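If you want the building blocks of each chain, they are given just below.
4 protein chains.
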Amino acid sequence: MVVILKPKTTEEDVQKMISYVKDMGLDVMVNTGVDCTVLGLLGDTSRIDPDTLMLNCHVDRVMRIAEPFKKASRKFHPEDSVYEIGDSKIGVEKTFTIIAGPCSVESEGQILEVAEDVKKSGAKLLRGGAFKPRTSPYSFQGLELEGIRLLKEAKEKTGLPIVTEIMSPYMVESFVENVDVIQVGARNMQNFDLLKELGKCKKPILLKRGLSSTIEEWLMSAEYILAGGNPNVILCERGIRTFETYTRNTLDLSAIPAVKRLSHLPVIVDPSHSAGMSWMVEPLSLAAMAVGADGIIVEVHNCPEKALCDGAQSLNPKQFDSLMKKLKGVGKSLGIEV
Amino acid sequence: MVVILKPKTTEEDVQKMISYVKDMGLDVMVNTGVDCTVLGLLGDTSRIDPDTLMLNCHVDRVMRIAEPFKKASRKFHPEDSVYEIGDSKIGVEKTFTIIAGPCSVESEGQILEVAEDVKKSGAKLLRGGAFKPRTSPYSFQGLELEGIRLLKEAKEKTGLPIVTEIMSPYMVESFVENVDVIQVGARNMQNFDLLKELGKCKKPILLKRGLSSTIEEWLMSAEYILAGGNPNVILCERGIRTFETYTRNTLDLSAIPAVKRLSHLPVIVDPSHSAGMSWMVEPLSLAAMAVGADGIIVEVHNCPEKALCDGAQSLNPKQFDSLMKKLKGVGKSLGIEV
Amino acid sequence: MVVILKPKTTEEDVQKMISYVKDMGLDVMVNTGVDCTVLGLLGDTSRIDPDTLMLNCHVDRVMRIAEPFKKASRKFHPEDSVYEIGDSKIGVEKTFTIIAGPCSVESEGQILEVAEDVKKSGAKLLRGGAFKPRTSPYSFQGLELEGIRLLKEAKEKTGLPIVTEIMSPYMVESFVENVDVIQVGARNMQNFDLLKELGKCKKPILLKRGLSSTIEEWLMSAEYILAGGNPNVILCERGIRTFETYTRNTLDLSAIPAVKRLSHLPVIVDPSHSAGMSWMVEPLSLAAMAVGADGIIVEVHNCPEKALCDGAQSLNPKQFDSLMKKLKGVGKSLGIEV
Amino acid sequence: MVVILKPKTTEEDVQKMISYVKDMGLDVMVNTGVDCTVLGLLGDTSRIDPDTLMLNCHVDRVMRIAEPFKKASRKFHPEDSVYEIGDSKIGVEKTFTIIAGPCSVESEGQILEVAEDVKKSGAKLLRGGAFKPRTSPYSFQGLELEGIRLLKEAKEKTGLPIVTEIMSPYMVESFVENVDVIQVGARNMQNFDLLKELGKCKKPILLKRGLSSTIEEWLMSAEYILAGGNPNVILCERGIRTFETYTRNTLDLSAIPAVKRLSHLPVIVDPSHSAGMSWMVEPLSLAAMAVGADGIIVEVHNCPEKALCDGAQSLNPKQFDSLMKKLKGVGKSLGIEV
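Residue numbers (our numbering), protein chains in the order written: chain A, 1 to 338; chain B, 1 to 338; chain C, 1 to 338; chain D, 1 to 338.
Next comes chain A alone, as it looks inside the complex (with noise of 0.2 Å):
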């Protein structure tokens, strides 16, 4: 951490400065420049707080040297994390895992035949919502417990683990007696107090990032899981607000080889909500795969007569067996199994 004091800060403020810093359990090391002074901390400073040193009335600017997440960084634990969920192995080199299903669960009828029909195009996870996080409360919010029942029920017929989202903190005991992956959604990616209830049972998260989070804030979410006990966290990108309004979210995958420099935990592409655009998630999932993410999480919907039709945003399963043939194509020359 290097702490760049004001211009004119006297000797003796400095040497208060430095006796501060040092009582923090650190060490400092001292550049004179022209303008200004610059300490250099040295020691663990994941613990210290830039807005807390920046009280003092000499401290100009605060800049971070070492990544203020530890138990998420590559650094401390430089092998791939890897999760062996259902017949998928998350994380692990050369393997690209796709989780998908419909937006939310409608029906048993919905979600079964859907489920089916990932699986035989190789869907390894069935994703399906059940708790909607939607922007107006007029809206449709989810079969909530009925929803999860009816994804245990496509998991007995087809085998497949199931992927859905919480939203409360009270709902923590039930999904994780219920579901296989628990999703913390890209709005709830700063909700603490889910992520510490999180962090107390064991199994695996899929973090959505936060619609304006950076990689360090996303990274610092899944250190709150990790720290609170859960080593089980999976990352996912999923766009980022910015000014470009054709697409309803710009999809950051230079965020993922990121992701993988910074951090051992396993980071997937959700291609589907980024666009919200059904034609543009197969070059965005082929992409997701070559720029080195760890599987994607996509959406596939199931009305008979609307076969031929694409939704807003999800595929048909004739469409996604197209994309999985092409994923396996594309998989095989970079070596990569699908």
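Take these hints with a grain of salt, some might be off.
In this list, chains with the same sequence are indistinguishable; a pair is considered to hold if it fits within one copy or across any two.
What the hints assert, rightly or not - With a cut-off of at most 30 Å between alpha-carbon atoms, the simulated DSS-like pairs for lysine-lysine come out as follows:
| # | residue 1 | residue 2 |
| --- | --- | --- |
| 1 | Lys-157 | Lys-6 |
| 2 | Lys-70 | Lys-8 |
| 3 | Lys-71 | Lys-8 |
| 4 | Lys-260 | Lys-8 |
| 5 | Lys-260 | Lys-328 |
Hints listed in this document are in silico derivations from the structure and should not be mistaken for laboratory results. Just so it is clear, the structure is predicted and the values come from calculations on it, not from any experiment.
Add chains B, C and D to chain A, keeping to what the hints say.
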């Protein structure tokens, strides 16, 4: 709501689409253009989800014309909403309410002293954090319930109503019992489960704008609380995330006249968190008044030994007193009472 | 185009508005809603400026339905535009063109060596900066005309056509004479006087997307060149500015399928500048191919004494050669020729 | 400047790096941390390009501590820069200068009438666009030289100095001869060739902030003009691009105190273009004064037949007169002369 159909949609499919929309209880106007057909949906479209319409394979785009919020809309509630809290009437025209206090409650001595100081200078409510949303799990998370207890003590001593942040639906009952205004932080603006719980009580809710939320989404989050049955929402602009890094966030002061036009809810400004630098608090506070906000929530800290210092984003009591005098001056020229 | 009138506009004023629009040669459909009246403008609206309509006191908002670009639009030009430059056919389906070379031309030795290296590995065009847009007036501004001369020398030796950036309308004549593809940098994407000058020549123009430009604005800048009479525009996505600071810019790969759908113009990707880190170039290049780009423009430097080093954003020739091999592998699986 | 070396850089390589930096005429302090070594570069680092340092394979990151601008910096020029133009002294403390006029010069009648109106209400300079940067090649591009002629006529009649936008280096000579303040639009803020040309004249340059420019980049563009020999630069904040769509751009009023602290150059605000809605001009203008700007540049149009109307972003003369009265009132309370 305007539904733009894909080019080359057949007349038969246009008719199917029209029937589909009429079945939702809406009227339809058909605009047959050169390239495409555009349907104008007439009636109450606030309950229509554009994404559902997008599921139809002939729909190219959907544009809202009416706002999706109703209870928060000035259209259906032309008079300003006003809440009497202690000595203040937040939201009444030509009145500017000051909420002041430390970022975090740290000790009995601190909160009592700051409370007395800000009261003396003219603050109408006392703010202070007890539960702190922190990016890092290793940072100080607040005094929690002990912090609430100390705030109540300060209220007893000074008569100032207290404002403090809630982070979990578990705490709603306790907050309703103990505090006067319940703050929802930027990171929880779309924590819908929390909003639903707060919709069940009658306490005024101070709803901060999310870091990357549009004005419409912010008002939709207010709508969650209003739709739940709690009519008492105060909005708070606290800066949005942009590419600019000199300031911590970019205070969006143009959101104030926008919100005043779109909604009847009071809207205040947080000049302390947005910039993250105490020397910006005064100019931004004056600008907040000039742009038409109903008040400000400002950080004031109190550390006698650092009396000449400015912390990162807090004013000291003397600086706060000087700000109050300037606000009164500008207020006088604009006919605004502070 | 849809014109939303203000609530409470009188019938008389609606009729005036209709006459006004009809005088512009357009047809009008009237949609009388509960809250407001919406006019559907039918006909060629590409020459209508929404801001002019907004000048009318009864207009609340104007929304475009048809795209404002015509010559750049796939609607009016369904076949892909293809340009033959040297041995490459940029824009032809299932072909991926590689443009490579140093960020700046530094010396004869450097540019000749890099040119031969990249040619050997399979690059089809040589890039190299002679005029450099630099944020600071104190930074190296390029070798300027001497740089152009050295590029031509490299072209003579290797046969590779050359791509280099123009910064001033003064230089158009000289560039037309000496280079094969004229690059317009992100910072000049809306330098309309430069675009107009380039519209008068017939050289292929490589038009980079502006740092905060929407896809629509980017295509409108292409439209300037096309409308001027030059049909040869190649688009280049190079990252947009967001709040994320880990990468220099956020490469918007979803813009590629978007542009391919909206326009017939070829679109390539710059994986070097966007991220600003050489270790990201390979994954982003592979992703660019997978997402459907027509090629990449990639920085390759050459400093024997630093042969084992990776520069900030440049690959060395060995790394570039390894990238080419991987691109060929992935290309094979997708039926794409490199 | 702080140079963070990669973890595991050998002592030998650290020494090489130190020699390399010393060869550039700088002193070096070495901070040996637990994970990595950090070099503090002491001396004049404004001419050092961080990207060049990044080319070294042992460098992980480079952080600037001193600002990269010098002539624009308040550090080296503590007194406010003040320019006398006509009756105004732009930049002098406690003075607020009003520049007003139509978006585009449309006709002799229009510009003369508006000029007289705004003068009567207290404007000190006349604005009006002759060369218009338009996103679409099909939109009206301005009256060009005829527009300049009409502006001069309005100046003769009213005595108001004129401000108008330049778009091409070709026009610098003509502008120097005919106008009083040369405006550089947001889209040309990094048109470095234009900036260099303007650095050769002595006319005051009104430099608008780019749509997605940081404050530092904006000051670096001013530095281009200053470094070229023209000391007369007025900065103009006009809104930045964010995800918010209700306003056209987000006016960044916190940039005003930031610029006043970092630089000695005057900074004004454009409240018309940023929001794009005339009813926002008044509150944003008052806020601009309250936040410490040196003035505003505001659009006033004049169309008698639409006298009761508000255009998209322009005030009519009556609204402008009312704004002037309010500015004088607030100015009085803050000791600011309008």
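Taking the numbered hints from earlier one at a time, note which ones the structure violates and give those numbers from smallest to largest. As far as the earlier hints go, only 1 is violated by this structure.
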